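Novice: These are the residues of each chain, in order.
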Amino acid sequence: MTIREAAEALRHRRFSAVELTTAALGRIERFNPALNAFITVTAEQALNQARQTDADLAAGRDRGPLHGIPIAVKDLFYTRGIRTTAGSPIYRNLVPDYDAFAVSRLEAAGAVMLGKLNMHELAYGITSANPHFGAVRNPWNAKHSPGGSSGGSGAAVAAGMVYAALGTDTGGSIRIPASFCGTVGLKPTYGRVSRHGVVPLSWSLDHVGPLTRSVRDAALVLNAIAGHDPADGASSRHPTVDFVPDEGCSVRGLRIGFPESFFFERLDTDVELCVRGAIARTEALGAEIKPVKVPDMAAMNAAGRMILLCEASAMLEPHLADRSQFGPDVLALLDQGRLLPATDYIHAQRLRRQMQREFAQVWSSVDCLVTPATPNTAPRVGENTVKLGGHEEDVRLATTRLVRSMNLLGLPALSIPCGLSDIGLPVGLQIVGPPFEEALILRVGAAMEDGGVGIPPCPVA
Amino acid sequence: MKDWTSIAKAAGLDIPAKDVGRIAPSLNALDETFRPLVRNLTPEMEPALSFRADQERA
Chain A
1 MTIREAAEAL RHRRFSAVEL TTAALGRIER FNPALNAFIT VTAEQALNQA RQTDADLAAG
61 RDRGPLHGIP IAVKDLFYTR GIRTTAGSPI YRNLVPDYDA FAVSRLEAAG AVMLGKLNMH
121 ELAYGITSAN PHFGAVRNPW NAKHSPGGSS GGSGAAVAAG MVYAALGTDT GGSIRIPASF
181 CGTVGLKPTY GRVSRHGVVP LSWSLDHVGP LTRSVRDAAL VLNAIAGHDP ADGASSRHPT
241 VDFVPDEGCS VRGLRIGFPE SFFFERLDTD VELCVRGAIA RTEALGAEIK PVKVPDMAAM
301 NAAGRMILLC EASAMLEPHL ADRSQFGPDV LALLDQGRLL PATDYIHAQR LRRQMQREFA
361 QVWSSVDCLV TPATPNTAPR VGENTVKLGG HEEDVRLATT RLVRSMNLLG LPALSIPCGL
421 SDIGLPVGLQ IVGPPFEEAL ILRVGAAMED GGVGIPPCPV A
Chain B
1 MKDWTSIAKA AGLDIPAKDV GRIAPSLNAL DETFRPLVRN LTPEMEPALS FRADQERA
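Listed in order, the protein sequences are those of chains A and B.
196 is the number that this note's numbering gives to position 196 of the first sequence; each next residue is one higher, with no gaps.
58 is the number that this note's numbering gives to position 58 of the second sequence; each next residue is one higher, with no gaps.
There is no bait here: all hints are sound.
With a cut-off of at most 30 Å between alpha-carbon atoms, the simulated BS3-like pairs for lysine-lysine come out as follows:
#, chain 1, residue 1, chain 2, residue 2
1, A, Lys387, B, Lys18
2, B, Lys2, A, Lys387
3, A, Lys387, A, Lys293
4, A, Lys387, A, Lys143
5, B, Lys2, B, Lys18
Source of the hints: derived by calculation from the structure; they are not laboratory data.
Here the structure is a predicted model, which means the values were calculated and not measured.
Please work from the sequences and hints to get the whole structure.
Specialist: See the structure below:
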């Protein structure tokens, strides 16, 4: 069931928010021991909230489509009175006295918060094999990773524990778990959603966004959390719109860019087949599929990695006196960042501006781009390399290869499921748009979803 | 290739030698891609830093 369906049922009194929340808590109790998606479950608080939302609805106080809907947030969003760990012992005693901007917006919209989701340690990685809170497992196959860093968010949404989850994306950390868990994941434009009250990893690359089971559900969450926040220095004043695509929305006449070079190189065969199939379906739905040349994406990834390494090490340097607090993979990245000179960080930010200018040219010939979200499906838990196109690659570098540049450019990017591999793992497709064109990429995603691009529900959902 | 152990020592960083050895290949690979990009930058290309004085509040 999607948010829209649940919202409709709530208003027709087919069930109450308390019943919906109780059912969601039951699923958490049933599946979380195997999936380890949650670090903290706030059952009592959730039921109290649900009772209040039922009372509000009965009294005619309808706060909109998220009213009474069970959700959860990655455990790096500040939650008043609830421990916020960022998946690290560094924050083991952090109990914030205020809510993150996005959390308070969801609460104002009537959503019922079920708890805090497990994640890659400090959001610095893509496996969510957290050494302190345990590895998150993929609901499609528990031997496989859910991706990360918002791995608990992807797993909880795919397994039907919650209807929506908040994640963060610094180099693909919403779109990768969405791709691996078969959910929708939206990284909005940089500045579209406030980062206030979110434990940072990389100030200039961090984005906040939703993971959901449908494109329109992602739009509903974006409606609630988008908008200017003076408490976030990077928050944009760009006007917000209703992001929810119309029923019967169409891709007819849209010019959809197909960047074959780079984005269609070194792919898992199943990924390539599914994504090409989805593109063919989109063409049949009336879109004009245009081959397009994009600037040097490998160079963008290098600049993005340089900025991330430097900013993350600066952010976490105060804690590095005690190296035992970090898992080996995160510590290795933090050490790398400390060895890079300031001049390289400045150069990377100069390259970022140059690349932004170059990439802006792409939008003169197409309205959006469609690419695979990840070149691979979910690797097995503990797998450090992946073989793609005959080359053995580091699993982190391979998995972030097609998504990282969109953080550097700050562009909105949506991952939607578009097929299953031969062993039944989801494949994700990425739709990228010009700055602040979330409504456009959501429309394309919804039209594709309506047109038959998608996957069956997760077996445990 | 850079001598990362000496760089760590010169910067006064307390990173064990075996850990430096473990991360050196990643740093070298990044440097190999990054260095040629820097050579092509022109002086008028300013960094994309987001700081704006009018946004700062007391």
